[in-house]
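Chain by chain, the residues:
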Amino acid sequence: MSTSVKTSSPATGKQKRAAQPYSERAKGERRLGWLLAGPAFVVMLAVTAYPIVQAAYDSLFNYRLTAPSEREFIGLGNYGVILTDFVWWRDLGVTLLITVVTVVVELILGFALALVMHKALKSVRGLLRTAILVPYGIITVVSAFAWFYAFDINSGYINNWFNWVPGIDPDLNWFAGTWSSLFVIMASEIWKTTPFISLLLLAGLAQVPDELTEAAEVDGATWWERMSRVILPNMKAAIMVAVLFRALDAFRIFDNVFIMTNGAFGTEVLSLLAYRTSISRLEIGMGSAVSVLLFICVLLICFIAIKLFKVDLAGARGSK
Amino acid sequence: MKNSSTKEKVTWAVISVLVLLYALFPVASILATSFKQPSDLTTGKFLPTEWSTVNYEQILVGEAQGLFLSSLRNSIGIALIATFIAVVLATLCAYAIARLDFPGKKMILTTALAVSIFPVISIVTPLFNLWRTIGLYDTWPGLIIPYLSLTLPISIWTLAAFFRQIPWELEQAAQVDGATTWQAFRKAIVPLAAPGVFTTAIIAFFIAWNDFVYGISLTSTEAARPVPAALAFFTGASQFEEPTGAISAAAIIVTIPIVLLVLLFQRQIVSGLTQGAVKG
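Line order of the protein sequences matches chains A and Z. Okay, so the first sequence: first residue is 2 according to our numbering, each after it adds one. Okay, so the second sequence: first residue is 75 according to our numbering, each after it adds one.
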C-alpha cells in the first residue's frame, strides 16, 4: 500500500500549484510535514530524553534529598555499589523469572484463545471477543487487589475451594513465601494481559492465507504439520511483536508486586527497587543509577531480540 | 458443514463458558467482596452471607468520601486532559506521516516506538526531583505531562495506521466536483478519519486511567492523587479497620464505566489495538 498520496495533481486543475517548480513544492511539503509532526516529536523527546539524561547525570553524585548540601561527585561509585550488591542481582533474577514465565504462559494461552476465536461459530465469536476484552478494561491495580483478596489468608476463599485436594494446606498463607507469592503475582499479570496477546495473534491468524492451509489439508498434512509448517511461519511477525512488547512490559512490572507483597519475601522486582531507592528513601543519586541500569536492561532486551530473531522492530510494526 | 451438529454446539457452549469464567472471575470476586460487611470479610466464602451496601456508603457519602471522590475527580480530569492533548498532537503528526512526503518520517515513528518501550520508573526519578524544584509536584500538570509519554506513542501508531487506509483520492474527487479544498477535506476525509481518532482517544484514556507508577510517585495529597494510587494508600475509615471492603467498592466504581466503554466500542478497540500493533 502506498504510504502517501501527493496533495495536488495536475488533473485537479490547480494550475498554480502544479506550475510551481517541483523542488519548491517538495520543500513546502517538507515544511508542512515538520510543522504538523514536530510538536508531537518535541514533546516525546522532552518527556523521555530529558529525564534519562538528567538521571544519568544525577547518578554520578552522592545525592540525598534529605541532605542536599552534601551533594558530591562520585563518578561511577553508585553503579559500583549497586552491581556488587546481591539485592540488585536477586531483583534482576526475580524480574527475569517473571518475564520469562508470564510471556511463555501468555503466548500458549493466548494462542489457544486466538485459535478458539478464529474457529468459533459466528454466534459465539462476538461473545468471546467481548468477554476477553473485560480484563483489558480493568486497571491493573484493581486486578491486583482482586487476586490479592482471593488468596489473602484473612479474606481469601481460594484455600477453602481447594481444601479437598490432598496435600493442600487450608491454612496456607500464600503471601508468606517467595514461590507462592510469585505464583499469585504472575497469575494476575497473565490474566490481565493474555487477552491482548490473543487479539494480536488473532489478527496474525487472519493474515494467513486460507488457500495455504486448505492446500496443506488436501495434501494430507496433519494438524501439527499445518500448524508448524504453514500457520506459525506465516504469523512470525505478529508473534514477534507480541513477544517483544509483552516481554518489555513484564520486565517493567510494578503494580501487581507493589499491591500484593510490596517486595516482601524476596519478591522485589527492579522497578520496585528503583522506586524504593529514590522515591521512598530519597536517595536520588543511587535511585537514578538504578533507573539508568534498568533502562540499559530494556535496551539490551531489544538489542538481543533484534539480533536473535532478526526482526526489524520498526518494520515489524510499521509494515504488513 | 453449514448446519452445526449438536455435538459441535455443546463443545462451543463449554468453551464459551470457560472463556467467560476466565474473563469474569476477578471482577466477580471483587464485586462479591464489595458487598460484604466487615464481619463477613473473613469467613472464607466467595459470596457475602448477607448483602450489604455499607462499603459503597462509606466511600460515596461516608467517612472515606473525601479521599475517594477527590481521587476520582483527579483521575477523570487528568486522564481526559492528557488524552485530549495526546490525540490532538498525534492527529497532526499521523496526518503528516500518512499524507505528506518529508524526510524524518521514519525517525518520528521510531522515536514513538522508543518512547513506548521506555521504563516509566526510569523517567519518574528525575521528574520527581525536577517537579519538586519547579513546583509541579502534586499538581495536575505534574501528571498530565508525564502521561504524554504513555499516551502519545500509541496514539501516533494507531492513528497513522488508520490514516494510511483512508483513500485520500476522495478529496481530489470532491474537488473535481467543485468543492473547495477545505470543503473537500471536511466532507470527504473527516468522516473517514473521525472513527480512528475516537478509537485512539478511548485507548489513550485507558492507558492514562491505568497508570500507577506516576500516580504514586509524583503526588502526595488529595490535590492530584489519581484513583489507582489512592486505592493503594487507602487505609480505611479507622486505623484498625481493614480497608478491604472499601477498596473493593471503589474498585467496582472505577471499573464498571470502563468495562461498559470497552464492551460498547469493542469492535473499534480491537481493530485499533491490532492495527496499531501489527500492521502499523
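Just to be clear, a hint being listed does not mean it is correct.
What the hints assert, rightly or not - Pairs of lysine to any residue residues, derived as SDA-like cross-links and limited to a Cα-Cα distance of at most 25 Å, are as follows:
hint, chain 1, residue 1, chain 2, residue 2
1, A, K308, A, W225
2, Z, K179, A, W225
3, Z, K180, A, A50
4, Z, K179, A, D170
5, Z, K180, A, A238
6, A, K123, Z, D175
7, Z, K119, A, L46
8, Z, K180, A, M241
9, A, K123, Z, L334
10, Z, K180, A, A113
11, Z, K180, A, I232
12, A, K123, Z, L338
13, A, K123, Z, K180
14, A, K120, Z, V84
15, Z, K180, A, L128
16, Z, K83, A, L128
17, A, K120, Z, F339
18, A, K123, Z, L94
19, Z, K119, A, I169
20, A, K237, Z, K180
21, Z, K81, A, L46
22, A, K28, Z, T255
23, Z, K179, A, A238
24, A, K28, Z, D175
25, Z, K83, Z, Y96
26, Z, K83, A, F310
27, A, K308, Z, L338
28, A, K28, Z, I332
29, Z, K119, A, A113
30, Z, K81, A, A113
31, Z, K180, A, C303
32, Z, K119, A, F176
Simulated from the structure, these hints should not be mistaken for lab results.
Here is what the structure says about each hint:
no. : hint            : result
1   : A/K308 / A/W225 : violated, 28 Å
2   : Z/K179 / A/W225 : violated, 42 Å
3   : Z/K180 / A/A50  : holds, 18 Å
4   : Z/K179 / A/D170 : violated, 59 Å
5   : Z/K180 / A/A238 : holds, 19 Å
6   : A/K123 / Z/D175 : violated, 42 Å
7   : Z/K119 / A/L46  : violated, 51 Å
8   : Z/K180 / A/M241 : holds, 20 Å
9   : A/K123 / Z/L334 : holds, 22 Å
10  : Z/K180 / A/A113 : violated, 35 Å
11  : Z/K180 / A/I232 : violated, 30 Å
12  : A/K123 / Z/L338 : holds, 19 Å
13  : A/K123 / Z/K180 : violated, 39 Å
14  : A/K120 / Z/V84  : holds, 15 Å
15  : Z/K180 / A/L128 : violated, 38 Å
16  : Z/K83 / A/L128  : holds, 14 Å
17  : A/K120 / Z/F339 : holds, 23 Å
18  : A/K123 / Z/L94  : holds, 17 Å
19  : Z/K119 / A/I169 : holds, 17 Å
20  : A/K237 / Z/K180 : holds, 22 Å
21  : Z/K81 / A/L46   : violated, 57 Å
22  : A/K28 / Z/T255  : holds, 20 Å
23  : Z/K179 / A/A238 : holds, 22 Å
24  : A/K28 / Z/D175  : holds, 10 Å
25  : Z/K83 / Z/Y96   : holds, 20 Å
26  : Z/K83 / A/F310  : violated, 41 Å
27  : A/K308 / Z/L338 : violated, 41 Å
28  : A/K28 / Z/I332  : violated, 45 Å
29  : Z/K119 / A/A113 : violated, 32 Å
30  : Z/K81 / A/A113  : holds, 20 Å
31  : Z/K180 / A/C303 : holds, 18 Å
32  : Z/K119 / A/F176 : holds, 19 Å
In terms of the numbered hints stated before, the structure departs from hints 1, 2, 4, 6, 7, 10, 11, 13, 15, 21, 26, 27, 28 and 29, listed from lowest to highest.
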